[in-house]
Every structure is written in structure tokens, then in C-alpha cells.
Amino acid sequence: MPILKSFRRLFGTNRPVEIDISEPVAPATGDVSDAITPLPDPGPGVIDAFEVLGRVESAIESGRKTQDQALRSIEAMPRAVSELERVSSGQTELIEAVRELGSNQEHRAEAESAVLSRLSDLLDRESALFGLVQQQLDANHQLAEETAKRLDQLTSTLHETSRTNRVTAEAMEALAADLRDREQRSDQRAGVMQGWIVTCVVACIAATAAAVALAWAVLGGAA
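Under the numbering used here, the residue at position 26 of the sequence shown is numbered 26, and the numbers go up by one with no gaps.
A few of these clues could be false.
[As the list claims (entries may be wrong)] Calculated cross-link-like contacts (lysine to any residue; reagent style SDA-like; alpha-carbon spacing at most 20 Å):
| id | residue 1 | residue 2 |
| --- | --- | --- |
| 1 | Lys-65 | Leu-122 |
| 2 | Lys-65 | Asp-124 |
| 3 | Lys-149 | His-159 |
| 4 | Lys-149 | Ala-139 |
| 5 | Lys-65 | Phe-130 |
| 6 | Lys-149 | Glu-160 |
| 7 | Lys-65 | His-159 |
| 8 | Lys-149 | Asp-138 |
| 9 | Lys-65 | Glu-126 |
| 10 | Lys-65 | Leu-137 |
| 11 | Lys-65 | Glu-93 |
| 12 | Lys-149 | Thr-161 |
| 13 | Lys-65 | Ile-95 |
| 14 | Lys-65 | Ser-127 |
| 15 | Lys-65 | Glu-96 |
| 16 | Lys-65 | Thr-92 |
| 17 | Lys-65 | Asp-121 |
| 18 | Lys-149 | Leu-137 |
| 19 | Lys-65 | Leu-123 |
| 20 | Lys-65 | Ser-120 |
[To be verified] Per label pair, the in silico range of CB-to-CB distance:
| id | residue 1 | residue 2 | range |
| --- | --- | --- | --- |
| 21 | Glu-160 | Arg-182 | 46 to 54 Å |
| 22 | Gln-136 | Asp-68 | 46 to 54 Å |
| 23 | Glu-61 | Ser-113 | 17 to 25 Å |
| 24 | Ala-174 | Glu-145 | 20 to 28 Å |
| 25 | Ser-58 | Ser-117 | 20 to 28 Å |
| 26 | Thr-155 | Val-192 | 50 to 58 Å |
| 27 | Leu-219 | Ala-190 | 40 to 48 Å |
Think of the hints as simulated: they come from the structure by calculation, not from any bench.
Every residue, glycine too, gets a C-beta built ideally from N, C-alpha and C.
Given the sequences, and given the hints that come with them, work out the whole structure.
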């Protein structure tokens with residue numbers, strides 16, 4: 001079974017599933033990893049080539065559905081979507097190759113080789129596609145880490161600014177209290193000085209009045 005061995009070499013250690021195309025193929029619901037068994041040599045009771053074609057095409061259509069689901073899941077990634085559309089186009093080409101396989105039995109071996117080559121190319125494209133998706137996810141993760149670091153730095157800066165503002169406010173409050181104390185002491189000193197001034201003025205007036213009275217008395221006695 002050289003075709004099955006070729007499929008096993010393509011899929012590596014992913015445990016390929018052998019599908020007997022003589023039995024109906026159910027639509028795939030997960031990743032498509034089907035192995036196509038070689039058709040028997042023409043003879044009595046040979047399977048209809050178009051029936052084989054329909055079953056293989058059904059399996060490939062299931063693969064296309066899986067690719068469509070992957071396309072919807074990463075539609076936010078333009079490059080990945082573009083590459084996935086190329087893979088979907090390759091699936092269409094693969095279906096055409098399988099149709100040619102059913103209509104041209106004489107070149108069946110060459111067509112099967114072309115199908116295997118196309119499958120290998122599609123697998124390579126899918127690997128490259130998922131590698132691109134992984135790179136995008138890694139880039140998003142790195143961006144999230146950088147954003148988290150910057151947010152931490154911003155939080156630290158805000159805390160430092162808050163502490164500085166608090167210290168400044170305390171210093172301003174202390175300065176305002178000192179100014180109020182000085183103003184209060186100045187008012188008290190001004191009040192004391194004003195009292196002394198009034199006392200001095202009253203004393204001067206009294207002394208002047210006494211001097212006038214004394215002079216009047218002296219002048220009156222002399223007369």
C-alpha cells in the first residue's frame with residue numbers, strides 16, 4: 001500500500017486514520033487527517049469510479065468546512081485570512097484533480113501522485129498559516145506585556161506624584177499657619193504700640209495743660 005505509506009510519511013506522528021473508501025464516509029467534524037486507500041485493480045465487482053470520486057470529494061468537502069471554520073476564527077488577521085483563502089483555493093484545485101482521477105483511469109497513478117503532491121503542498125501552506133497565526137498571537141502577547149509594564153510605570157508615577165503633592169500640601173499648610181501666627185503677633189504688637197501712643201499723647205496733652213495753667217498762674221500773680 002504505497003499511498004498509505006506516503007500519507008503516513010506526510011502526517012508524521014499524528015496517527016493518520018485509514019479510511020476504507022468502500023464504506024460511506026461521514027462528514028468530518030474536526031481536523032481532516034484522512035488516508036486514501038488505493039483502488040483495486042479493475043475486475044469483476046470493481047467499485048464505480050464516480051462513487052469513489054463522490055466519497056473522496058465528500059471527505060475533501062469536510063476538510064473545506066473545517067478550513068472555513070478556521071477562517072472565521074481568525075478573520076481579524078488579514079494576512080492569515082488571505083493565506084487561508086489560498087488554501088481553500090488549493091482545496092478546489094484538489095477536487096478538480098480528483099475528478100480527473102475518476103474520469104481518466106489510464107493515468108490514475110499519475111493523478112494520484114499529483115493529488116499527493118497537492119496535499120503535501122496544502123499541508124505546507126497550512127503549517128505556514130498556523131505559524132503566522134502563532135507569530136501574531138506571540139506579538140499580541142508581547143504587546144500586552146509591554147502595555148502592562150507601562151501601566152505599572154504609570155501607576156508608580158501617579159503614586160509618586162500623589163506623595164509629592166501630599167508633602168507639598170503639608171508644607172503649604174505649615175507655611176500658612178506660620179504666616180497666620182506672625183500676622184497675629186504683628187496685630188498684637190500694633191495694638192500695644194497704639195496703646196503706648198495714645199498714652200503718650202494723653203500725657204503730652206496733660207503736661208501741656210499743666211504748663212499752660214502754671215504759666216497762667218505765674219503771670220497772673222506777677223500782675
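Comparing the hints with the structure gives:
Straight-line distance between C-alpha atoms of Lys-65 and Leu-122 comes to about 15 Å, which keeps the hinted pair within the 20 Å bound. Pair hint Lys-65 plus Asp-124 holds up; C-alpha atoms about 19 Å apart against a cutoff of 20 Å. For the proposed pair Lys-149 and His-159, the alpha carbon gap of about 15 Å is at most 20 Å, so the pair holds. Note on Lys-149 and Ala-139: the hinted pairing holds, with a Cα-Cα distance of about 15 Å set against a maximum of 20 Å.
For the given pair, Lys-65 sits about 17 Å from Phe-130 by alpha-carbon distance, which is consistent with the 20 Å threshold. The suggested pairing of Lys-149 with Glu-160 holds, with an alpha-carbon distance near 17 Å, which does not exceed 20 Å. A hinted pair counts as satisfied when its Cα atoms are at most 20 Å apart, and Lys-65 with His-159 does not qualify at roughly 54 Å. Taken as a hint, the Lys-149 and Asp-138 pair is honoured in the structure, with Cα atoms around 17 Å apart against an allowance of 20 Å.
Using a Cα cut-off of 20 Å, the hinted pair Lys-65 and Glu-126 holds, with the two alpha carbons roughly 14 Å apart. Proximity of Lys-65 to Leu-137 is assessed by CA-CA distance (about 24 Å); at most 20 Å being required, the pair is judged violated. A hinted pair counts as satisfied when its Cα atoms are at most 20 Å apart, and Lys-65 with Glu-93 qualifies at roughly 15 Å. Proximity of Lys-149 to Thr-161 is assessed by CA-CA distance (about 18 Å); at most 20 Å being required, the pair is judged to hold.
Between the alpha carbons of Lys-65 and Ile-95 the distance comes to roughly 14 Å, so the proposed pair stays at or under 20 Å and holds. About 18 Å separates the Cα atoms of Lys-65 and Ser-127, which keeps this hinted pair within 20 Å; it holds. With a C-alpha separation of about 17 Å, the suggested pairing of Lys-65 with Glu-96 holds against the 20 Å cut-off. For the hint linking Lys-65 to Thr-92, the alpha-carbon distance of about 12 Å falls within 20 Å, and the restraint holds.
Distance hint between Lys-65 and Asp-121 is fulfilled; the C-alpha atoms sit about 19 Å from each other, no more than 20 Å. Taking the CA atoms of Lys-149 and Leu-137, the gap is about 18 Å. The hint holds against a cut of 20 Å. Restraint check for Lys-65 and Leu-123: satisfied, since their Cα atoms lie roughly 16 Å apart, inside the 20 Å limit. A C-alpha spacing of about 19 Å is found between Lys-65 and Ser-120, which places the hinted pair at or below 20 Å, so the restraint holds.
A beta carbon spacing of about 33 Å between Glu-160 and Arg-182 contradicts the range 46 to 54 Å that was offered as a hint. Against the hinted window of 46 to 54 Å, the Cβ-Cβ separation of Gln-136 and Asp-68 comes to about 20 Å, which falls outside the hint. As the Cβ distance of Glu-61 to Ser-113 is approximately 22 Å, the hint placing it in 17 to 25 Å holds. Between Ala-174 and Glu-145 the beta carbons are some 44 Å apart, a value that contradicts the proposed interval 20 to 28 Å.
One distance hint, 20 to 28 Å for the beta-carbon pair Ser-58 and Ser-117, holds here, with the actual separation near 22 Å. Thr-155 and Val-192 have their C-beta atoms about 56 Å apart, which keeps the hinted 50 to 58 Å range intact. Range check, Leu-219 to Ala-190: about 43 Å between beta-carbon atoms, so the 40 to 48 Å window is met.
This entry does not satisfy hints 7, 10, 21, 22, 24, going by the numbered hints stated previously.
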